[in-house]
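Make a model of the complete structure from these sequences and hints.
Each chain is listed here by its residues.
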Amino acid sequence: MLYREALNNAIDEMMAADESVVILGEDVGRYGGSYRVSEGLFAKYGAKRVIDTPIAELSIVGNAIGMAIAGLRPIAEIMTVNFSLLALDQIINHAAKFRYMSGGKMTIPLTIRMPGGVSKQLAAQHSESYETIYTAIPGLIVLAASNATYAYYGLKAAIALNDPVIFLEHELLYPMKMEFKPQENFDPFKAEIVKEGKDLTIITYLKMRYDVLQAIPTIEQTLNITVEVVDLNSLRPLDMSTITQSIQKTKRVAIVEEDHKTGGYGAEVIARISEELFYELDAPPLRIAGQDVPIPYNRTLELASIPTPKKIAQKIIQWGRENGL
Amino acid sequence: MHSARVEKFYYLMKLGREFELAAKEQYMQGNIAGFLHLDIGQEACSVGSMQAFDKGDVFTHYREHVLAIARGMDPKLIMAELFGKVTGVSKGKGGSMHLFEPNLNFYGGDAIVAGHLPIAVGCAYARKIQGEKAGVFAIFGDGASNAGAFFESINIAAAWKLPLIFFCENNYYAIGTRIGWVSPFEELYNKARNFMPTKRIDGMDVCEVYKAVTQAKEYIENGLGPYFIEAETYRYEGHSMSDNGKYRSEEEIEIFKSRDPIINLKKRAIAEGLVTPEYFDEADQKVQKVIQEAIEFALNSPEPPINELYEDVYCKECTNVIP
Numbered sequence: 001m002l003y004r005e006a007l008n009n010a011i012d013e014m015m016a017a018d019e020s021v022v023i024l025g026e027d028v029g030r031y032g033g034s035y036r037v038s039e040g041l042f043a044k045y046g047a048k049r050v051i052d053t054p055i056a057e058l059s060i061v062g063n064a065i066g067m068a069i070a071g072l073r074p075i076a077e078i079m080t081v082n083f084s085l086l087a088l089d090q091i092i093n094h095a096a097k098f099r100y101m102s103g104g105k106m107t108i109p110l111t112i113r114m115p116g117g118v119s120k121q122l123a124a125q126h127s128e129s130y131e132t133i134y135t136a137i138p139g140l141i142v143l144a145a146s147n148a149t150y151a152y153y154g155l156k157a158a159i160a161l162n163d164p165v166i167f168l169e170h171e172l173l174y175p176m177k178m179e180f181k182p183q184e185n186f187d188p189f190k191a192e193i194v195k196e197g198k199d200l201t202i203i204t205y206l207k208m209r210y211d212v213l214q215a216i217p218t219i220e221q222t223l224n225i226t227v228e229v230v231d232l233n234s235l236r237p238l239d240m241s242t243i244t245q246s247i248q249k250t251k252r253v254a255i256v257e258e259d260h261k262t263g264g265y266g267a268e269v270i271a272r273i274s275e276e277l278f279y280e281l282d283a284p285p286l287r288i289a290g291q292d293v294p295i296p297y298n299r300t301l302e303l304a305s306i307p308t309p310k311k312i313a314q315k316i317i318q319w320g321r322e323n324g325l
Numbered sequence: 001m002h003s004a005r006v007e008k009f010y011y012l013m014k015l016g017r018e019f020e021l022a023a024k025e026q027y028m029q030g031n032i033a034g035f036l037h038l039d040i041g042q043e044a045c046s047v048g049s050m051q052a053f054d055k056g057d058v059f060t061h062y063r064e065h066v067l068a069i070a071r072g073m074d075p076k077l078i079m080a081e082l083f084g085k086v087t088g089v090s091k092g093k094g095g096s097m098h099l100f101e102p103n104l105n106f107y108g109g110d111a112i113v114a115g116h117l118p119i120a121v122g123c124a125y126a127r128k129i130q131g132e133k134a135g136v137f138a139i140f141g142d143g144a145s146n147a148g149a150f151f152e153s154i155n156i157a158a159a160w161k162l163p164l165i166f167f168c169e170n171n172y173y174a175i176g177t178r179i180g181w182v183s184p185f186e187e188l189y190n191k192a193r194n195f196m197p198t199k200r201i202d203g204m205d206v207c208e209v210y211k212a213v214t215q216a217k218e219y220i221e222n223g224l225g226p227y228f229i230e231a232e233t234y235r236y237e238g239h240s241m242s243d244n245g246k247y248r249s250e251e252e253i254e255i256f257k258s259r260d261p262i263i264n265l266k267k268r269a270i271a272e273g274l275v276t277p278e279y280f281d282e283a284d285q286k287v288q289k290v291i292q293e294a295i296e297f298a299l300n301s302p303e304p305p306i307n308e309l310y311e312d313v314y315c316k317e318c319t320n321v322i323p
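So the sequences go chain by chain: A and B.
Note that the first sequence covers residues 1 to 325 in my numbering.
Note that the second sequence covers residues 1 to 323 in my numbering.
Derived by calculation from the structure, the hints in this document are not laboratory data.
Where a beta carbon is used, it is the ideal one built from N, C-alpha and C, also for glycine.
Treat the hints with caution; some may be incorrect.
[As the list claims (entries may be wrong)] Among chain A residues calculated to face chain B with C-beta under 8 Å, some are: (1) L58; (2) M67; (3) R99; (4) Y100; (5) G103; (6) I193; (7) G197.
Here it is, written out as C-alpha cells:
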C-alpha cells in the first residue's frame with residue numbers, strides 16, 4: 001500500500017462512517033490534493049464535505065475550528081508545515097486554548113494534517129520541520145506518521161479524538177510503497193519497536209526511520225552490536241514507558257531527527273531521558289539532527305544540512321567507539 | 001417599537017451599565033485583576049444586537065460582558081469569572097475576556113483582535129450545510145477591520161454565501177490609535193461593500209441597532225449570504241482599566257455622552273408614552289439588586305482548587321495519557 005493511499009483510506013472510511021467528518025484545504029477537492037491524499041473524495045462526498053479553500057491558511061484552520069464548534073469533525077490540510085506558520089495564531093491561541101480557557105466547556109475535535117521535512121530541492125520556505133513548535137503547546141496532540149500502518153490507524157484515531165491533533169506527514173513518504181500490518185487494539189500514543197536490539201536504542205520518527213534502518217547494518221557489523229530502533233509515532237504525548245524499557249535494556253541512546261539541532265524536538269526527548277533515566281545510561285546521549293541553517297536549494301548543500309544513512313552510521317560508530325561499544 | 005421591548009432594552013442596558021460600573025469599582029478594590037474592558041457607552045450595540053439575534057451562534061471580541069448578559073448569561077456567573085472564582089462561567093480560568101457558554105451558543109471573549117472572525121466563518125459554513133436556519137453573528141471593533149483575518153473572512157463568507165452577520169462596532173479608537181490614522185477612511189462599511197450588503201447605523205440608538213440586526217438576520221436566514229453592519233459608537237472609558245483614554249478630547253467625549261443610549265431611550269420612551277416613569281424606577285431597583293447579588297455571589301465563592309490547574313487541557317479520553 002502506498003503511504004498516501006493509507007491516509008486516503010483512513011479519511012474515506014471516517015467520512016463514510018460519520019457524516020460530520022469534512023475535509024478542507026487548498027486543492028483538496030476538485031484537484032484531488034497536492035499529494036493526492038484526498039483523491040476521489042470530492043466525487044464521492046461532494047463539495048459540501050470536501051471543501052476547496054482559498055490560499056489562506058489562517059482561515060483554513062480558523063474555519064475548521066468554527067466547524068468543530070458547530071459539531072462537525074473537520075480535517076484541515078495545510079500544504080506544508082512551512083505554511084502552517086500563517087495559521088499559528090489559530091492553532092495555538094484558539095484551537096489549543098479554547099477548552100482550557102472555557103473551563104472545559106468547549107470541545108474542538110479537529111485534525112490538522114501537514115507534511116514537512118526536506119523533500120528534494122524545495123529550498124528554505126518549503127523544507128522545514130516544525131514539530132518543535134507544536135509539541136511545546138499544551139492542548140495540542142502531535143502525531144507523526146512514518147508508515148502506512150500508522151498513517152491509516154493513527155489518522156483514524158486522530159479524527160475520532162475530541163482534541164485538536166497536529167498530524168505530521170513527510171513529503172517523501174507519499175509515493176512510497178509500504179507494508180500494511182492490520183492492528184488490533186491500536187493505540188495512537190504508543191511508540192513502535194521497529195527492530196529489537198540489546199546494545200543501543202535509536203529513537204526516531206517520520207522519514208528518518210528509513211535513514212536509520214539503512215544505517216543499521218553498517219553500525220551493527222562495524223561495532224559488532226545489535227541496535228534497537230524506536231519510532232515514536234506520537235510526539236505529544238511522548239511514550240516514555242517504551243523509551244524507558246528500551247533504555248533499561250540497552251543502556252545507550254541516540255536520537256535521529258530531521259529538524260534543527262538547537263531547540264529541536266530531540267532536545268526535549270533527551271532532556272526527559274536525562275531527567276528520568278540518567279542512572280540507566282552508560283554513555284552520554286547522542287543527538288543527530290539537521291544543521292542550524294535554513295534548508296538550502298543546492299542538492300549537495302541540502303543533503304549536507306540533514307542526517308543521511310551514511311552520516312548516521314559514521315556518527316554512531318564514532319560515538320560508540322568513544323563510549324565503550 | 002413595542003413597549004415591552006423598550007422596557008427590555010432599558011433593563012438590559014441599565015443592567016449592563018451598572019454591571020460595568022460595579023466591575024470597575026471591584027477592580028479598584030483589588031477583587032478583579034488583569035485586563036478589564038468596559039462596555040460603558042456601547043450598551044446599545046450589545047443589547048440591541050443580542051435581542052434581535054436571539055438564536056444562532058455568537059462570536060465576540062473581549063469587550064463582551066454586556067453581550068453575555070444580553071444573551072442570557074447569569075450576571076452572577078460573569079462577576080464570579082471576573083473575580084477568578086471556580087463558580088465563574090469558565091471556572092475562573094478565562095477571566096473577563098473569555099466567557100464561553102455553548103448552551104447559549106455564545107462563544108464569547110476572543111482576545112486576539114479579529115481572531116474570532118475566521119472561526120465564525122467556519123461555524124456559519126457548518127450551519128449552512130447542516131441546514132440550520134439561524135446563522136452566525138460576529139461582533140468586532142474598528143481595530144479588527146484592519147487585520148488580515150478580517151479581510152480573509154469577508155472574502156470567504158461572501159464567496160460561499162454564508163449566513164453570517166459581521167457587526168463592526170466603530171468606536172473610532174483601537175486603544176489609542178484613531179481609526180483614520182491607519183485606515184483610508186473612517187466609515188468602515190466601505191471595506192465590505194463590494195462583498196455583501198452593508199449598512200452604517202447609529203450605534204448609540206438601541207432601537208436602530210435592533211432594527212438593523214433584525215433586517216440582517218432575515219437576509220442571512222434567506223440564504224442570501226453575509227451582511228455587514230457598521231455601528232457608530234463610543235466607549236466612555238479607556239480601552240481597559242489600564243488606559244485613561246486621555247488621547248481623546250473632552251469635547252469629543254461630551255458629544256457622544258449627549259447621545260447616551262440609556263438616557264435617550266428613557267427620554268424618548270416617556271415622551272412617546274411607551275413606558276411609564278414608574279417602570280424605570282422599578283427597573284433601576286431591580287438592577288441594583290441583581291448587581292448586589294452578583295457581587296456577593298462572587299465575593300463568597302471559593303477559589304478554584306489547585307488541581308483545577310491541570311483540568312481541561314485535554315478531553316477526558318486524552319487526559320488519561322497526557323500528563
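- Message: Output the indices of the hints that this structure fails to meet, ascending.
- Response: 6 and 7
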